[in-house]
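> First to last, the protein sequences are chains A and B.
With my numbering applied, the first sequence corresponds to residues 1 to 197, in that order.
With my numbering applied, the second sequence corresponds to residues 1001 to 1073, in that order.
One or more hints might be untrue.
These stretches of chain B come out as covered by chain A in the derived footprint (C-beta under 8 Å, 3 or more residues) [stated by the list, open to error]:
no. : region
1   : 1017 to 1024
2   : 1030 to 1036
Simulated restraints, written as ranges between beta carbons of each label pair [to be verified]:
no. : chain 1 : residue 1 : chain 2 : residue 2 : range
3   : A       : 102       : B       : 1015      : 22 to 30 Å
4   : A       : 116       : B       : 1017      : 42 to 50 Å
5   : B       : 1034      : A       : 60        : 15 to 23 Å
6   : B       : 1053      : A       : 181       : 33 to 41 Å
7   : A       : 124       : B       : 1030      : 24 to 32 Å
8   : B       : 1053      : A       : 180       : 34 to 42 Å
9   : A       : 75        : B       : 1012      : 39 to 47 Å
10  : A       : 138       : B       : 1017      : 47 to 55 Å
11  : B       : 1012      : A       : 149       : 25 to 33 Å
12  : A       : 48        : B       : 1030      : 45 to 53 Å
13  : A       : 124       : B       : 1024      : 46 to 54 Å
These aren't lab readings, by the way, just hints derived from the structure by calculation.
For every residue, glycine included, the Cβ atom is placed at its ideal position computed from N, Cα and C.
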Amino acid sequence: MVLAVPADSDRTARAAAVTAEFRRLGKSGSYRLGQLRAQGVGAAERPVPFQPRFIRPNHRWPASVWVLALLSGSVLIAGAAAAGWWVAPFAIGVLAGVANWIGVWSVRVAVPAVIVMAAVGWGEPLVWAELHGQHYGALARVIAAILGLPVSAVIGLGLTVLVAVAQSVAGYWLASAVNPRRTDALATYSMITKDPA
Amino acid sequence: MTLSDTEGRPTRVRRALLIANVVAALAVSAGLLALLGAGAGSVPALGPLLVPGHGAWSWQFLLIPIGPHGLLP
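Required output: the full structure, derived from the provided sequences and hints.
Encoded structure:
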């Protein structure tokens, strides 16, 4: 303990100072924290809580490769639709689920990506045809009317996209269920590496 | 509820959840494909009907005569 007593003071004064120091011990306001900073003692850093993640940060390949794979999936779905294969979104969804067993993207990333892939795969040919003067907007209204829905091009187009999205999500779910992730192993990996990402 | 033991092997609860997930995914997928492929009741087979470039998305669809029991062929 360092006492605020000069070394060259006489014996009586030093004893009185020591007594005063002991009387201050345990009393509120005796030692203000501001004095510690003035003496060069910095405040202790607050510990950062460790948050274990159950997703492996390594997705095997760069994100650009996965984006390219999603675009390829959309092209495959669109090409299969041109050939009349309406189950193609389901098959591509299954492939996406198998691929994500390798990539280990989280569900919050993978499912929206699969949804966008399927929506683009079936929506893009229709929008492209509309932009090139095929009047698919009018046909979408006819489809909505035939199905007994409110006459709207958005509803006709949305129902078509919904059919593709439902298939792809079901296929992704099936593949993910058959090939479950080893979450325990991934958690162990994350805890060992202490990767906060 | 623990899903794995100390050696990382899935417990019985986790195995049951995995099997239930597979069964549910199979049932939903089969039901969805059957519904889209064959229809059910008043719901038409939306799969071949709505595939872009074919079915209802072909202009020839408008030339199909309307039947007495509904608008769909």
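> For each hint, tell me whether it holds in the structure or not.
Okay, the hints, checked on the actual structure:
Residue count for the region 1017 to 1024 of chain B with a Cβ under 8 Å from a Cβ of chain A: 4. That meets the three needed, and the coverage hint holds. By the rule of at least three residues with a Cβ nearer than 8 Å to a Cβ of chain A, the coverage given for the region 1030 to 1036 of chain B holds, with 3 such residues. A hinted range of 22 to 30 Å for the beta carbons of residue 102(A) and residue 1015(B) is consistent with their spacing of about 23 Å. Distance hint check: the CB atoms of residue 116(A) and residue 1017(B) are about 29 Å apart, inconsistent with the given range 42 to 50 Å.
Between residue 1034(B) and residue 60(A) the Cβ separation comes to about 35 Å, which falls outside the hinted range of 15 to 23 Å. The given range of 33 to 41 Å is respected by residue 1053(B) and residue 181(A), whose C-beta atoms sit roughly 37 Å from each other. Between residue 124(A) and residue 1030(B) the beta carbon distance is about 28 Å. The supplied range of 24 to 32 Å therefore holds. Against the hinted window of 34 to 42 Å, the Cβ-Cβ separation of residue 1053(B) and residue 180(A) comes to about 37 Å, which satisfies the hint.
For the pair residue 75(A) and residue 1012(B), the supplied restraint of 39 to 47 Å holds, since their beta-carbon distance comes to about 44 Å. Range check, residue 138(A) to residue 1017(B): about 49 Å between beta-carbon atoms, so the 47 to 55 Å window is met. The hinted window of 25 to 33 Å between residue 1012(B) and residue 149(A) is violated, with their beta carbons roughly 47 Å apart. For residue 48(A) paired with residue 1030(B), a C-beta distance near 48 Å keeps the hint of 45 to 53 Å intact.
A hinted range of 46 to 54 Å for the beta carbons of residue 124(A) and residue 1024(B) is inconsistent with their spacing of about 31 Å.
Hint check: violations occur at hints 4, 5, 11, 13; the rest are consistent with the structure.
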